[in-house]
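**Student:** Protein chains in written order, with numbering that gives the first Met the number 0: chain A, 0 to 255; chain B, 0 to 255.
Check the hints yourself; a few may be wrong.
Because identical chains cannot be distinguished in the list, a pair is counted as satisfied if it fits within a single copy or across any two copies.
[Said to hold, decoys possible] Pairs of lysine-lysine, DSS-like flavour, derived with a Cα cap of 30 Å: (1) Lys10 to Lys61; (2) Lys35 to Lys61; (3) Lys205 to Lys185; (4) Lys168 to Lys35; (5) Lys26 to Lys7; (6) Lys153 to Lys20; (7) Lys254 to Lys10; (8) Lys252 to Lys205.
By construction, these hints were calculated from the structure, which means they are not laboratory data.
There are 2 protein chains.
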Amino acid sequence: MILEITSKDNKIIKSVRSLSKKSNREKMGCFIVEGKRIVEEAIRDIPEKIGYVIISHSFKDKNTDTYNSLNRSGLNVYLVPDYIFDSISDTETPQGILAVSDFCDNRINKGERLLILDGISEPGNMGTIIRTAEAMGFNDIILCGNAVDIYSPKVVRSTMGSLFRLNFKTENNYDFINQLKSDGYKIYATALTSSLSLEEVEPWDKSAIVIGNEAHGVSEDILSSSDINIRIDMEGQIESLNAAVAAAITMYKFKK
Amino acid sequence: MILEITSKDNKIIKSVRSLSKKSNREKMGCFIVEGKRIVEEAIRDIPEKIGYVIISHSFKDKNTDTYNSLNRSGLNVYLVPDYIFDSISDTETPQGILAVSDFCDNRINKGERLLILDGISEPGNMGTIIRTAEAMGFNDIILCGNAVDIYSPKVVRSTMGSLFRLNFKTENNYDFINQLKSDGYKIYATALTSSLSLEEVEPWDKSAIVIGNEAHGVSEDILSSSDINIRIDMEGQIESLNAAVAAAITMYKFKK
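Using the sequences and the accompanying hints, generate a full structural model.
**Tutor:** As structure tokens, then:
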């Protein structure tokens, strides 16, 4: 069923607007998914988590098929004037559709390939790494070291939907490293000065790769307790690779 | 020698401001390099190309060493009030230093590894690919298919200085592909539906890799005349990788 909202002060609209802040997202346990393609993926992949969908009048007029399928979907859908949509959109040229979804479960499955993101701070990097992780078969991601919020709008967009299909767990300290080791994982941390080149590495059955902060790299806590520290060989006068690039090359090498 | 500029209407300031437009950059054959670290790299790597450097009073006050070495450098350096610097800066929080440099020579050396960027349109991707190319030993880059301007401020910044150390050539049509083939190169184009996996590829002595546009991939003109089309195997429901990620993984595989 599709309900119309006509006031900027409607409580749904106020609630969506408040979700631009991380603290409010955490209080309410939900986040915004914006854009036609990614909302369609959310509806397909995590329908049970979607609280409601908001579309603008322009969107309705231009996307009859999507509108009709939303109407039949059983989801709560709100139709709003364009100016209200623009006021809650995070993008410069809003497509006119967003969904509010509950957070992913804070749980991983501990498969054979695990990615640990230690303090990744740039939203575009975080989103690209998550997208690449799905492509490389790394379905479990641990976030630690004050990594950027995966539910911030730019991260959500740049995951291209992978956010809905992978498992995430946030850790507030580094105790989980020892737990992973007793679960049979080898921990491979990437560092610029490691003595072992990625080319020489033989992936273990259960491998956990650690990618560090863009400026400071992997934290000492992890470097000192990891099993193997690896570097990516570089030519030229480059000091380091972009974090998403380093993550991609490393995951490609460990891909099963 | 360091000269002071006190007016926003000074012709140097007006000239720098005009360089934010691609058409003016092309008319004048020069571009802006902004930020302390990257200006230092430009001074080290391409001093002969630097027309002048502009610094703000705040920069001077906070960076005595850099100021003194600029003073001794023989470069033309202009000192301007902060509000003038802010008016010519491309960044939200200006560091207070920029240089105006001539374009790189439009010429490649035809080494054993060559990168062809066909229509890369996103500045961040372009910059990251150039940075990664240096690290992977791809020192020659051909730009074709209306790729984004490598001299736009965001590309320059995200190359982290690699722009000054690699060779670039812009091609307006695809005739160069046949020339490369007669020069002994094998052309490897990346495409989602290629029958050959990157894992099965044996790099040739002289290998040229082609990375395509973010949305449309490598153009038909190249796909039909390339020697080998390759794909990167992906898991999950990912349709494609980020262009910079695809470029990085492919160059890593071809790294000598």
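**Student:** So, for every hint listed, does it hold in this structure?
**Tutor:** Outcome of the hint check:
1. In this homomeric assembly, Lys10 and Lys61 come within 30 Å of each other (Cα to Cα) only inside a single copy, at 27 Å, whereas the closest approach across copies is 49 Å.
2. For the homomeric pair Lys35 and Lys61, the shortest alpha-carbon distance inside one copy (12 Å) is at most 30 Å, but the shortest distance between copies (48 Å) is not.
3. Taking the shortest alpha-carbon separations for Lys205 and Lys185, only the intra-copy value of 6 Å comes in at or below 30 Å, while the best inter-copy value is 38 Å.
4. Taking the closest pair of Cα atoms, Lys168 and Lys35 come within 30 Å of each other only inside a single copy of the chain (27 Å); across copies the shortest separation is 38 Å, beyond that limit.
5. In this homomeric assembly, Lys26 and Lys7 come within 30 Å of each other (Cα to Cα) only inside a single copy, at 22 Å, whereas the closest approach across copies is 48 Å.
6. In this assembly of identical chains, Lys153 and Lys20 lie within 30 Å of each other by CA distance both inside one copy and across copies; the values are 13 Å within and 27 Å between.
7. With identical chains, the CA atoms of Lys254 and Lys10 are never at most 30 Å apart, being 46 Å at best within one copy and 56 Å at best between copies.
8. When the C-alpha separation of Lys252 and Lys205 is checked against a cutoff of 30 Å, the pair qualifies both within a copy, at 14 Å, and between copies, at 23 Å.
This entry does not satisfy hint 7, going by the numbered hints stated previously; all others are met.
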